[in-house]
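Student: Construct the complete structure from the given sequences, taking the supplied hints into account.
Same order as they appear, the protein sequences are chains S and U. Per our numbering, the first sequence runs over residues 1 to 110. Per our numbering, the second sequence runs over residues 111 to 942.
Simulated from the structure, these hints should not be mistaken for laboratory data. Ideal Cβ positions, reconstructed from N, Cα and C, are used throughout, including at glycine. Keep in mind that the hints are not guaranteed to be accurate.
[Stated by the list, open to error] Distance condition first, Cα-Cα at most 30 Å in a straight line; then the derived DSS-like pairs of lysine-lysine:
1) U:K661 to U:K779
2) S:K90 to U:K605
3) S:K53 to U:K779
4) U:K715 to S:K49
5) S:K8 to U:K921
[As the list claims (entries may be wrong)] Here's a subset of chain U near chain S, in silico, CB distances under 8 Å, partners left out:
6) G400
7) G640
8) G681
9) A753
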Amino acid sequence: MNVSVALKWVDVGAAVDIPYQGARRVDTDLGAIAVFRTVDNEYYAVMDKCPHKGGPLSEGIVHGRHIACPLHNWSFSLENGEAVGADAGKGCTPTVPLKIEDDRILLGLR
Amino acid sequence: MAFNADTPPKPRIVVIGAGMAGGRIVEEILKRDAHRFDVSIIGAEDCATYDRIQLSPVLAGEKTFEDIVTHSQAWYDTNGVKTHFGCWVQSINKDGRYVTLHDGVTIAYDYLILATGSDPIRLPLPGADLPGVVAFRDLHDVDIMQKAAEKGGEAIVIGGGLLGLEAAYGLAKRGMKATVIHLMDVLMERQLDEAAGRLLEKALLERGVNSVLNAHSEAIVGDSHVEGLKLKDGRIIPASLLVMAVGIRPHVEPAKAAGLLVERGIVVDDQMRTSDAHIFAVGECVQHRGTCYGLVAPIWDMCRTLADVLTEKNVDAAYLGSELATRLKVSGVDLYSAGQFNGGEGCEDIVFRDPARGVYKRIVVKENKLVGTVLFGEAADGAWYFDLIKKAESISDIRDTLIFGQSVTEALAGVDPNAAVAAWPDDTEVCGCNGVTKGTVVEAICAGADNLDKVRGCTKASASCGSCTGIVEQLLKVTLGDAFKAQTGPKPMCKCTEHGHQHVRQVIVEQQLKTMPDVMQALKWETPDGCSSCRPALNYYLLCAWPREYKDDPRSRFVNERNHANIQKDGTYSVVPRMWGGVTSAKELRAIADVCDKYEVPMVKVTGGQRLDLFGVKKADLPAVWADLNAAGMVSGHAYAKALRTVKTCVGSEWCRFGTQDSTGLGIKLEQDTWGSWMPHKFKMAVSGCPRNCAEATIKDFGVICVDSGYELHVGGNAGIHLRGTDLLCKVTTEVEALEYSMAFVQLYREDAWYLERTAPWIERVGLEFVKTQLFDDETRTDLKARFMESQAVFQVDPWAEHAPKSEPAKVFSPLADLREGVTQNHITEQA
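Tutor: Below you can see the structure in the form of structure tokens.
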């Protein structure tokens with residue numbers, strides 16, 4: 001398959017370092033990335049910056065496949081980064097490719 | 111189908127007045143026949159139709175204007191109704207059958223409907239035209255009142271009827287000191303007997319509304335703006351706002367000018383027809399069989415009748431007058447009256463009183479029929495009694511239990527509680543605010559509205575004051591059977607559940623649920639792990655109920671309580687060390703100064719609670735900052751938590767020449783007793799050493815004012831969005847008692863209030879009497895204190911010390927990885 005821009009898969013840490021219903025931050029030159037683990041043990045990564053007022057999403061409450069921003073409680077889908085609920089359609093935070101291999105978290109960076 | 115010249119033009123209906131009656135008649139006509147008429151509506155206010163009776167909650171800040179719109183411009187547009195808002199009628203030409211608007215535009219009609227409503231009566235007192243004197247009738251009035259309330263000060267409302275009291279309550283709620291001036295010796299004397307009137311007076315006083323009865327107004331005083339009201343007995347009551355709510359008068363001028371028969375109101379027959387066969391009238395402008403109505407239920411009855419007649423759905427429909435029931439819209443005051451309640455020849459009374467709960471119920475029976483009722487403090491059965499009054503059937507069989515209400519009566523009679531509702535005819539009115547009948551509700555349920563919110567959404571039943579919620583739920587049960595899941599609270603906690611806070615708390619204790627998944631399971635949560643609204647609430651309810659057994663869940667706490675610091679808009683944190691009672695020392699100040707230098711803290715701010723707040727601390731530095739402050743003997747100030755924040759004190763008898771007691775010492779003790787306890791919301795205390803009250807104790811959740819003979823204890827104050835002064839709880843003579851009461855009060859608040867409900871709205875909801883009853887009972891108070899200390903044994907720990915020194919747990923405060931150029935080198939596994 002042709003991928004227009006090759007991804008670099010970068011090991012950022014152990015899967016167990018992120019608590020259930022929790023998040024950790026990864027700093028990069030393109031801005032911070034928030035890495036989440038849901039109650040069902042799924043992992044997601046999005047840019048750690050709320051499109052509303054720039055709040056750190058990694059400090060929010062994880063519920064289902066959603067994250068609520070700690071500053072003003074906007075909620076986002078972790079699957080596609082879109083705002084959901086009362087603020088649906090108002091903004092989107094970019095998602096970051098993520099995979100788990102050998103209990104390590106790999107982020108797909110360009 | 112294209113326009114066909116043979117199609118006769120539709121008959122034209124023109125409605126004058128776009129208030130509640132105007133909007134309703136249009137809706138009733140369209141509901142019966144959406145295509146038969148060409149409908150236009152003319153309204154003087156610049157906006158579409160709103161629910162005028164809900165202006166009181168708007169004034170009180172409990173609803174917004176958007177909440178009370180019943181027929182929006184969009185609704186009229188969608189339904190093909192031509193609107194002329196912001197227009198008034200200059201004349202009606204009944205022979206030519208057209209009306210002329212203020213701008214000269216003429217509109218022809220086949221049928222004209224007058225829904226011109228009423229005007230507020232303005233007393234012709236000297237000074238009545240001063241700025242600051244208003245009526246309470248439309249949005250414009252509410253706007254003036256809200257603006258006046260922003261400045262605070264004192265307000266007078268002339269008129270102690272329904273409208274006047276709601277206005278006074280709304281102003282008090284917005285922070286004004288409100289006084290009601292009433293001519294008679296009982297408030298709402300047309301709806302209440304004396305006993306209920308006195309209870310109401312007391313309940314209003316607790317909510318900041320003072321009543322002056324038997325008061326004759328003489329003149330409004332002031333030079334360029336109202337400054338007060340002078341009474342006939344010479345008293346002058348100061349006020350910067352004066353509201354006249356002494357009654358209404360039908361607005362009949364356009365009808366009169368057109369030559370229609372007008373007495374007090376526009377005279378109509380039983381089919382709402384005026385003296386001109388093509389002109390009808392509905393609402394408050396009408397005089398029917400000698401009576402003018404000022405309440406909403408008759409308006410709905412009139413509109414239904416007229417719509418039946420005009421659409422020929424029932425050409426014999428007749429309006430025969432209305433039985434009246436009244437419900438007061440003041441939060442936490444449950445009051446209902448209907449029918450004849452002040453006795454008379456052949457009437458017998460059945461009375462029930464429960465002073466502890468502030469309940470008074472009276473039903474009046476005449477010739478074995480229920481003819482009237484007054485309910486205070488517990489009015490849920492109002493609609494049931496009202497229905498019995500309207501039915502006028504013999505109550506001999508249920509007389510023994512009648513006073514205990516519907517559920518008791520029907521349970522003892524072996525009746526299914528829903529059977530009565532099931533047996534109601536379809537045209538029984540369920541929702542008085544919005545004029546919705548049982549038939550309409552059942553139709554909506556059958557069409558798929560299978561819960562309360564959906565029924566509210568499509569019929570508006572129970573969407574205004576909410577007092578018919580129980581009946582709508584019964585209809586859901588009757589119609590859907592087992593498929594209906596009861597909504598237990600007036601408002602669900604969040605979208606994950608149909609249950610309200612009260613019910614959830616109750617079930618946690620009753621069913622001994624001790625983990626969050628257990629609660630979600632038992633109460634059928636609709637999401638796998640809740641949301642950011644319910645999880646913090648459940649976490650609190652569980653740790654409050656089971657301090658020893660429940661394991662606190664940091665993942666269900668807001669960021670501040672997880673990171674033990676206050677997040678700022680740029681993602682940095684602020685740190686507040688505890689300074690007991692607002693007292694500090696050179697050693698502490700030195701340690702704080704060192705921290706500021708070492709971690710480059712950009713700002714130090716003195717807070718309103720007598721603490722120092724260090725702003726701009728980076729998350730990764732938090733554990734080290736805490737370790738340094740801990741080393742100087744300081745602990746977390748919990749300035750970020752739903753917990754005890756601060757105890758503010760003045761210097762008291764130790765230094766102050768006016769001080770009566772050691773206020774600083776008491777403040778420190780209070781803080782040492784209560785710090786670290788999680789609460790429904792933040793909690794602030796203060797101790798003032800004398801009634802000069804330098805520590806501002808009367809705007810705190812718990813405030814102490816020292817006096818020579820002891821300590822006054824005040825509760826429920828709040829300087830937030832809505833300023834609320836405290837209520838005096840009691841006076842005690844010793845410091846030990848003051849401390850005991852403080853702990854018992856905190857525990858009562860912890861156990862009873864809803865999450866994110868501060869003491870001020872909590873006390874408004876449950877009433878000061880409830881708090882007093884609990885705390886004045888020696889056994890209850892001792893138990894509350896004991897449970898509080900039990901909880902403190904677990905939770906009075908310094909979160910800083912827990913997270914600070916050992917490098918291992920502090921790791922979670924740092925990023926998982928840092929991939930920035932030149933920082934660290936992570937392993938790059940492969941290229942995809």
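Student: Evaluate each hint against the coordinates.
Tutor: Quick rundown of the hints versus the structure:
1. About 29 Å separates the Cα atoms of K661 (chain U) and K779 (chain U), which keeps this hinted pair within 30 Å; it holds.
2. At most 30 Å may separate the alpha-carbon atoms for a hinted pair to count; K90 (chain S) and K605 (chain U) meet this at roughly 20 Å.
3. At roughly 41 Å between alpha-carbon atoms, K53 (chain S) and K779 (chain U) are farther apart than 30 Å, so this suggested pair is violated.
4. Taken as a hint, the K715 (chain U) and K49 (chain S) pair is honoured in the structure, with Cα atoms around 28 Å apart against an allowance of 30 Å.
5. Distance restraint check for K8 (chain S) and K921 (chain U): the Cα-Cα separation of roughly 26 Å lies within the 30 Å cut-off, and the hinted pair is therefore satisfied.
6. Taking 8 Å as the C-beta contact cut-off toward chain S, the hint placing G400 (chain U) at the interface is violated, the least distance being around 52 Å.
7. Interface restraint check: G640 (chain U) against chain S, minimum CB-CB distance 6 Å, threshold 8 Å, status holds.
8. The beta carbon of G681 (chain U) comes within 5 Å of a beta carbon in chain S, closer than 8 Å, and the hint placing it at the interface holds.
9. The closest approach between the C-beta of A753 (chain U) and any C-beta of chain S is roughly 18 Å, which is over the 8 Å cut-off, so the hint fails.
Consistency note: the structure conflicts with the earlier hints numbered 3, 6, 9.
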